[in-house]
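Starting from the structure of chain A, add chain B where the hints point.
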Amino acid sequence: MFYDQITEWQHRLPESSWASYSGVDVERVLAREILRPQDLAVLLSPAALAYLEPMAKKAQAITLRNFGHTIGLFTPLYLANFCTNQCVYCSFHAGNKITRCKLTLEQIIKEGEAISSSGLQHLLLLTGESRAQSGPAYMEKCVRVLRPMFASLGLEVYPLSTEEYQRLFEAGVDSVTLFQETYDEVSYAEVHPAGPKRDYHYRLEAPDRACEAGISSVNIGALLGLSDWRRDAFYSALHADYLQKNYPGVEVSISVPRLRPYAGSFKSSAAPVTDEALVQIILAYRLFLPRAGLTLSTRESPQMRENLLPLGITRLSAGSLTSVGGYSETDNVGSNQFEISDDRSVPDVVRMIRAKGYLPAFCDWVNMRAENAVGL
Amino acid sequence: MNDIIKSINPSEDSLLIGGVNLRSRLFVGTGKFSSHEIVPRVLEASGAQVITMALRRVDWKNPQENILNYLPQNTILLPNTSGARTADEAVRIARLAQAAGCGNWVKIEVVQDQRYLLPDNWETLLATEQLVKEGFVVLPYMSPDLGAAKRLQDAGAAAIMPLGSPIGSNQGLQTKELIRILIEEISLPIIVDAGIGRPSEAAEAMEMGAAAVLVNTAIATAGDPVFMAQAFHLAVAAGRLGYLAGPGERRLKAAASSPLTGFLQEV
Numbered sequence: 307m308f309y310d311q312i313t314e315w316q317h318r319l320p321e322s323s324w325a326s327y328s329g330v331d332v333e334r335v336l337a338r339e340i341l342r343p344q345d346l347a348v349l350l351s352p353a354a355l356a357y358l359e360p361m362a363k364k365a366q367a368i369t370l371r372n373f374g375h376t377i378g379l380f381t382p383l384y385l386a387n388f389c390t391n392q393c394v395y396c397s398f399h400a401g402n403k404i405t406r407c408k409l410t411l412e413q414i415i416k417e418g419e420a421i422s423s424s425g426l427q428h429l430l431l432l433t434g435e436s437r438a439q440s441g442p443a444y445m446e447k448c449v450r451v452l453r454p455m456f457a458s459l460g461l462e463v464y465p466l467s468t469e470e471y472q473r474l475f476e477a478g479v480d481s482v483t484l485f486q487e488t489y490d491e492v493s494y495a496e497v498h499p500a501g502p503k504r505d506y507h508y509r510l511e512a513p514d515r516a517c518e519a520g521i522s523s524v525n526i527g528a529l530l531g532l533s534d535w536r537r538d539a540f541y542s543a544l545h546a547d548y549l550q551k552n553y554p555g556v557e558v559s560i561s562v563p564r565l566r567p568y569a570g571s572f573k574s575s576a577a578p579v580t581d582e583a584l585v586q587i588i589l590a591y592r593l594f595l596p597r598a599g600l601t602l603s604t605r606e607s608p609q610m611r612e613n614l615l616p617l618g619i620t621r622l623s624a625g626s627l628t629s630v631g632g633y634s635e636t637d638n639v640g641s642n643q644f645e646i647s648d649d650r651s652v653p654d655v656v657r658m659i660r661a662k663g664y665l666p667a668f669c670d671w672v673n674m675r676a677e678n679a680v681g682l
Numbered sequence: 053m054n055d056i057i058k059s060i061n062p063s064e065d066s067l068l069i070g071g072v073n074l075r076s077r078l079f080v081g082t083g084k085f086s087s088h089e090i091v092p093r094v095l096e097a098s099g100a101q102v103i104t105m106a107l108r109r110v111d112w113k114n115p116q117e118n119i120l121n122y123l124p125q126n127t128i129l130l131p132n133t134s135g136a137r138t139a140d141e142a143v144r145i146a147r148l149a150q151a152a153g154c155g156n157w158v159k160i161e162v163v164q165d166q167r168y169l170l171p172d173n174w175e176t177l178l179a180t181e182q183l184v185k186e187g188f189v190v191l192p193y194m195s196p197d198l199g200a201a202k203r204l205q206d207a208g209a210a211a212i213m214p215l216g217s218p219i220g221s222n223q224g225l226q227t228k229e230l231i232r233i234l235i236e237e238i239s240l241p242i243i244v245d246a247g248i249g250r251p252s253e254a255a256e257a258m259e260m261g262a263a264a265v266l267v268n269t270a271i272a273t274a275g276d277p278v279f280m281a282q283a284f285h286l287a288v289a290a291g292r293l294g295y296l297a298g299p300g301e302r303r304l305k306a307a308a309s310s311p312l313t314g315f316l317q318e319v
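Respectively, the protein sequence lines represent chains A and B. Quick note: the first sequence uses our numbering, first residue 307, plus one each step. Quick note: the second sequence uses our numbering, first residue 53, plus one each step.
Chain A on its own, in the form it takes in the complex:
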């Protein structure tokens, strides 16, 4: 399992080693075609900062070869925000006094129609972690009503069992997004003081279970800035590499979420992820994982998204609302999970993508599994 690799690298990546790399090491890595984990560490080290431009050129060329000028578009749909976890960095935290709600199937259809009318056909479904309020059976019902409206349905929820993933796959789920938040076990325990999410290993192995259940696309990542970003970026990329090797039929993507302001008072003790650091992370991911999807959400500002786009990004969220029931303005609108920075409409994001010389792809998938998947 991937945990074995974390343990192995724990000893090979001591705190001090980041500074031990030099420009010569970076140049040697840039001359390589296929990178090893030790090369990834070099690209994430301070020495690589002086090489962001050549890294960017190489990252762009690799991305064009593998993905062309295409940028996949998707949008999140928050189904419910009941949560039993106490993640100190999240607004849905069980202890936060926010408006809690979950959408009824009628409301979900309304939300789906509102999103579908914007042209978007890739939908990511989210809930907080509450088996009582938003359990797998609820998710399955949601998937079944939304299935005919969208080309693909993704799930970004708490970790499930293999059997649960299997049922949801049969119902029509195409992809699973699940962030480990931080790969550092000590930091993980600190920021998840209570609730089922405390189980580091159950979460770490969830992508394996999703792959085993037949899901054809998984998206992972760390919430950068929660803990030491260099280590978290290193392990995120190594995790993606592990999944690619073990489940060759699965499309593996990696997201680059940075900590955002939210309704609470959490201040991470780790160094913040500067714009420069975020660029370095994206470039290191692309050079190490030429075939992985790279996902950028509306957590980043419009300006940042425009500039990051040509560095290797392959998927963008657009027109995102992080409140429950936000799209069709149903009466029970729940609180936001986090503040979004890019609140532009879908047409505005599409215009931006085109202006950068890219082709926005509303549809790049056909579900061939579910009974009521999109016919033509």
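Hints are computed from structural coordinates only; laboratory data are not their basis. Glycine is no exception: its CB is placed at the ideal position from the N, C-alpha and C atoms. Check each hint, because a few of them may be wrong.
Chain A stretches covered by chain B per the calculated footprint, using a threshold of three residues with CB under 8 Å from any CB of chain B [said to hold, decoys possible]:
1. 368-376
2. 659-673
With a straight-line Cα cutoff of 30 Å, these simulated DSS-like cross-link-like pairs (lysine-lysine) come out [claimed, not checked]:
3. A/Lys447 - A/Lys403
4. A/Lys416 - A/Lys403
5. B/Lys113 - A/Lys416
6. A/Lys573 - A/Lys403
7. B/Lys113 - A/Lys447
8. B/Lys113 - A/Lys662
9. A/Lys364 - A/Lys551
10. A/Lys551 - A/Lys363
11. B/Lys228 - B/Lys202
12. B/Lys228 - A/Lys364
13. A/Lys447 - A/Lys416
14. A/Lys551 - B/Lys228
15. B/Lys305 - B/Lys228
Using the frame of chain A, we list chain B on its own:
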């Protein structure tokens, strides 16, 4: 062999697939371009008659985003089953394509390896058998393996599409010797698909006797895709003509163009 070639008049040269006589031996893909608007110009410059597109990327809901609305009227559509990981999924995609009015040609693409996107010949064969039975003109994309190609031929494939190197890699004809064997041993048209990065590599494939080449990434990601499409058009035509003309032997040492003892042969 050479006599047969000499009897072909290059101006009458055409490629017969699925009952259609194709004048152009360059097939073009529609993925990876920076806009749909550039596609018609690229196709015109390429002279291609057969255009492939991934069914999964056809946007049926948004007409301005639907690639099919940018293709010329007389195009022969070659929908491909990109995204399929099994024969069953490929068959379903082919049926969807047909139901959507994309004709009955299909390029089978079954890939279970997302890192190199190498085709799975076994699943490809299963899908080919099924779709031939259903009346499709089947062009399977495959790893160049003689045994698999023979089975695809027996299954009723209309052509065989071996890869030159992994999709999008622009590495050219890394599998050259294996493709040469297919050209020699398989009686179906051999269309080199994937990996061709430069016009010279397309010409090389055609000189070897490939029936056609399929190019996408090399055109779509070129600095000027329209010029590159034209360059491939010329390279494919030149390579084909070179093949038909029957190239001279290769030797290790020089052979004078006007040999001194040439007069002895003139009697």
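### Task
Could you check the structure against the hints above and give me the numbers of any it violates, in ascending order?
none
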